[in-house]
Amino acid sequence: MAPSASRRRCCSNEVAFMYVIVVGGGTVGYYLSRDLLDRGHEVTLIEKEARRADWLETQLGSIVMRGDGCEVKFLSQTGIERADAIVAVTADDEDNLIALQMAKRHFNVKKTIARVNNPSNVEIFKTLGVDDAVSATEILLGALEPPITT
Numbered sequence: 001m002a003p004s005a006s007r008r009r010c011c012s013n014e015v016a017f018m019y020v021i022v023v024g025g026g027t028v029g030y031y032l033s034r035d036l037l038d039r040g041h042e043v044t045l046i047e048k049e050a051r052r053a054d055w056l057e058t059q060l061g062s063i064v065m066r067g068d069g070c071e072v073k074f075l076s077q078t079g080i081e082r083a084d085a086i087v088a089v090t091a092d093d094e095d096n097l098i099a100l101q102m103a104k105r106h107f108n109v110k111k112t113i114a115r116v117n118n119p120s121n122v123e124i125f126k127t128l129g130v131d132d133a134v135s136a137t138e139i140l141l142g143a144l145e146p147p148i149t150t
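Position 111 of the sequence shown, counted from 1, bears residue number 111 in my numbering, the numbering being contiguous throughout.
Source of the hints: derived by calculation from the structure; they are not laboratory data. Hints are supplied without guarantee of correctness; some may be wrong.
In silico DSS-like links for lysine-lysine, alpha-carbon gap of 27 Å or less [stated by the list, open to error]:
no., residue 1, residue 2
1, Lys73, Lys110
2, Lys111, Lys73
3, Lys111, Lys126
4, Lys73, Lys48
5, Lys126, Lys48
6, Lys73, Lys126
7, Lys48, Lys111
8, Lys48, Lys104
9, Lys126, Lys110
10, Lys73, Lys104
11, Lys110, Lys48
12, Lys126, Lys104
Label pairs and their in silico Cβ distance ranges [as the list claims (entries may be wrong)]:
no., residue 1, residue 2, range
13, Arg105, Thr27, 27 to 33 Å
14, Asp35, Glu71, 22 to 28 Å
15, Pro147, Asp92, 32 to 38 Å
16, Leu144, Asn118, 27 to 33 Å
Every residue, glycine too, gets a C-beta built ideally from N, C-alpha and C.
The whole structure should be built from the sequences, with the hints applied where relevant.
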């Protein structure tokens with residue numbers, strides 16, 4: 001059973017721009033969810049670890065669901081069939097890939113975005129159908145490269 005609208009928070013009396021599911025309630029997942037909410041989007045944040053999920057709920061409210069974003073049965077309870085996007089930001093590349101492949105193949109989620117912890121996995125994620133694979137390492141390396149001078 002999908003959570004009711006009362007389980008979600010977005011800007012009061014405004015229509016959400018997108019419904020985004022965030023898998024992984026670590027630092028990145030927390031700030032991403034918070035900022036999406038602040039921008040008026042509807043969010044569900046999935047966290048596997050009970051203690052962390054409890055803390056997240058004290059910070060973000062009832063948008064937090066405790067469970068495994070890699071399990072089809074659990075994902076079906078998140079309202080995923082109406083999600084505009086799913087973003088997987090756990091510390092485990094394999095979990096991120098599995099969650100996104102399930103979202104795309106089983107639930108036809110249009111936009112899948114992954115945090116890729118090992119930069120060697122970026123091309124694998126793209127080859128396996130993830131729409132956007134983001135590597136912080138690659139972004140930082142790009143910022144360090146010297147600018148091209150003419």
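Enumerated hints in conflict with the structure, sorted upward: Violated hint (a single one): 16; every other hint is consistent with the structure.
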